[in-house]
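K.L.:
So the chains spell out like this:
Number of protein chains: 2
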Amino acid sequence: MTPDDADGTRLGPGREFRLIESILADREGGERVRVGPGDDAAVLDDGSIHSIDLAVEGVHFRFDWMTPEEAGFRTVAGALSDLAAMAAEPVGFLVSLGIPQKGGGEGKGEDDGPGDLARSIMGGVRKAEKAFGAPLLGGDLTRSPGPVIIDVAVIGTVGSRAPLLRSGAKTGDGLWVTGTLGEAATAIDCLRRGETPAPALLRRYRSPKPRIAEAIHLAETLGATAGLDLSDGLAGDAGHLAAASGVGIELEGHTLPLSRDAVEALGRERAVELALSGGDDYELLVALPDPISTEEVENFGKRFDLTLTRVGRVVEGSGVRIRTAPGAPARPLARGGWDHFGTEETRTES
Amino acid sequence: MTPDDADGTRLGPGREFRLIESILADREGGERVRVGPGDDAAVLDDGSIHSIDLAVEGVHFRFDWMTPEEAGFRTVAGALSDLAAMAAEPVGFLVSLGIPQKGGGEGKGEDDGPGDLARSIMGGVRKAEKAFGAPLLGGDLTRSPGPVIIDVAVIGTVGSRAPLLRSGAKTGDGLWVTGTLGEAATAIDCLRRGETPAPALLRRYRSPKPRIAEAIHLAETLGATAGLDLSDGLAGDAGHLAAASGVGIELEGHTLPLSRDAVEALGRERAVELALSGGDDYELLVALPDPISTEEVENFGKRFDLTLTRVGRVVEGSGVRIRTAPGAPARPLARGGWDHFGTEETRTES
Chain A
1157 MTPDDADGTR
1167 LGPGREFRLI
1177 ESILADREGG
1187 ERVRVGPGDD
1197 AAVLDDGSIH
1207 SIDLAVEGVH
1217 FRFDWMTPEE
1227 AGFRTVAGAL
1237 SDLAAMAAEP
1247 VGFLVSLGIP
1257 QKGGGEGKGE
1267 DDGPGDLARS
1277 IMGGVRKAEK
1287 AFGAPLLGGD
1297 LTRSPGPVII
1307 DVAVIGTVGS
1317 RAPLLRSGAK
1327 TGDGLWVTGT
1337 LGEAATAIDC
1347 LRRGETPAPA
1357 LLRRYRSPKP
1367 RIAEAIHLAE
1377 TLGATAGLDL
1387 SDGLAGDAGH
1397 LAAASGVGIE
1407 LEGHTLPLSR
1417 DAVEALGRER
1427 AVELALSGGD
1437 DYELLVALPD
1447 PISTEEVENF
1457 GKRFDLTLTR
1467 VGRVVEGSGV
1477 RIRTAPGAPA
1487 RPLARGGWDH
1497 FGTEETRTES
Chain B
1157 MTPDDADGTR
1167 LGPGREFRLI
1177 ESILADREGG
1187 ERVRVGPGDD
1197 AAVLDDGSIH
1207 SIDLAVEGVH
1217 FRFDWMTPEE
1227 AGFRTVAGAL
1237 SDLAAMAAEP
1247 VGFLVSLGIP
1257 QKGGGEGKGE
1267 DDGPGDLARS
1277 IMGGVRKAEK
1287 AFGAPLLGGD
1297 LTRSPGPVII
1307 DVAVIGTVGS
1317 RAPLLRSGAK
1327 TGDGLWVTGT
1337 LGEAATAIDC
1347 LRRGETPAPA
1357 LLRRYRSPKP
1367 RIAEAIHLAE
1377 TLGATAGLDL
1387 SDGLAGDAGH
1397 LAAASGVGIE
1407 LEGHTLPLSR
1417 DAVEALGRER
1427 AVELALSGGD
1437 DYELLVALPD
1447 PISTEEVENF
1457 GKRFDLTLTR
1467 VGRVVEGSGV
1477 RIRTAPGAPA
1487 RPLARGGWDH
1497 FGTEETRTES
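Sequence lines, in order, name chains A and B. Per this note's numbering, the very first residue in the first sequence carries number 1157; after that it's consecutive. Per this note's numbering, the very first residue in the second sequence carries number 1157; after that it's consecutive.
None of these hints come from the bench; they were simulated from the model. Note that CB positions come from ideal geometry on N, CA and C, so glycine has one too. Hints are not guaranteed to be accurate.
[Unchecked claim] A partial selection of chain A residues facing chain B, derived with a Cβ cut-off under 10 angstroms: (1) R1188; (2) D1202; (3) V1251; (4) A1287; (5) G1289; (6) T1298; (7) V1471; (8) E1472; (9) G1473; (10) G1475.
[What the hints assert, rightly or not] Here chain B is said to cover these stretches of chain A; the calculated rule only asks that three of the stretch's residues, wherever they fall, bring their Cβ under 8 angstroms from a Cβ of chain B: (11) 1307-1314; (12) 1481-1487.
[Said to hold, decoys possible] To list a few chain A residues with every Cβ distance to chain B over 10 angstroms, as calculated: (13) S1207; (14) T1223; (15) R1299; (16) E1452.
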């Protein structure tokens, strides 16, 4: 349900979201459906969680920026991140592959047959399977007349626990993110300019990690009231959380967790922009009821080797505002991104 | 898991099946996985059934042969047919859509925006939702740099019943099919030659019906020992059943249920060829232990308004043989089809 495509000719985040809404609206659901379309994944009455994530060559990945194996790994990781968004454990997944006759991919694999390309992608899929403890249950393999297609359907479960939804954030909750933001977008920014990103940035872009155990901890131990995974950038995803919860959000721009590599590569201002507008980090954004003690934050850090940072709070009203310095006035963020933050330049798009 | 693509440059049924096998082989599965990759769908220990079906413009559908709405309907119906293959009830499904900027599709929709095309396809998806009682649980929508992409992941359940597998057929079982065979392939054959197929043939091609209730009846009431849906043609699918069950199969070519429309359009010999080699009918092939009484066959016909026809039997050995006339010697069928039956000409392929 996360639109990863973004360039001058794309559907556009606003239009695309309205399109998804109009297509999925007026769902009758079914007697077994607890949460239908609109959140990161669907929830059935047996606690099973279901989501699907389509990745297309030239839109979501390019073979001059990552290997077929990395594309396979990354697509599975991104799909499993939708389970993390619901604080669900993975049960398994299915993969559809569309492979061009000639091996596909500009600048890569022209000499390989379709079988070699499929095997390379599936090598990455199997790495993800092992890394994240989610078995591959089945798949489909077909010819593509054009781009390589990788579509991943994930199955998870929350058992008898409540899923973490986008709705549920309460006025007064703190707004928190895991890890550092904008690193994948910084890697893309460098690649787009023909530069070689720092290895850590490239790793974030090519080998994201779904924050599954982290999400369950945030929901169960720290009582998260709402949350999602940051696949569309903090600004846009905070907007989704605000809209679904019927609240406003105030972000503190000076608190955003940036990586040293991103700041070194692009400077602080641009790194902040990409932290707000860049997707592909797959970190978590959650609303946590106050108070969260320093000890709890430190315990989280030790347990998961990952920072947990307060980046704002839930307020009355609607939409997302941001303060660029302590005490500065909170300025509204446009729907889907902060305009001059250059959302058009931060994605995989060629 | 059913390769619908077929032309001179495709992966080829033999190579493709071996490719799928090699990619999915050596699965570790998982503690929750009762039946992993290799059958029509996966079965988890809670009785849930999972499958995925990728359809790509120019390979599985063409917009000069069907509308976007029909392509949406047909892809969902085909995916749900994998649940019928397991004698499972549908619980719901997810849809990934890849839509080109310009509306996509040769000869169709050049003036439509991507939103209109997506809406038309989803109109067909919603028709299938209502027709087959399976709610749409969620989806993904993205830009495609080339063909329209429709990928459908289905979720079903057998509850506490046993799923119908490809393995399990016993020597001495009769081999039965539902409905008539080769009609969708006959429609494609006519379209390929620029002729207009009879309306009933076009309907079979554009609006297939997953035989869900029929499959449950065959499994529960008539005790089917093995079965699958005919998405790859009787010859090929009988081969899959034989291989999975470790048995041989003898088909009686003169008993194949052909439609009058197909025989009128192409003559009896070609109609038999397409009944054996043509996919896309989505009828069921099952092994039923003898005896099946005339009354049981008639009851099936009345209950489902659908014929049930004995087309052969399960024998010791391996592979598929066919007798073209009563008493004639049974001749071997090559893996994946009867060579001179012209499998290359019967698919949607452009």
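K.L.:
Could you work out which of the previously given hints the structure breaks and list their numbers from low to high?
P.N.:
Of the numbered hints given earlier, those the structure breaks are 4, 7, 8, 9, 10, 12, 13, 15, listed in rising order.
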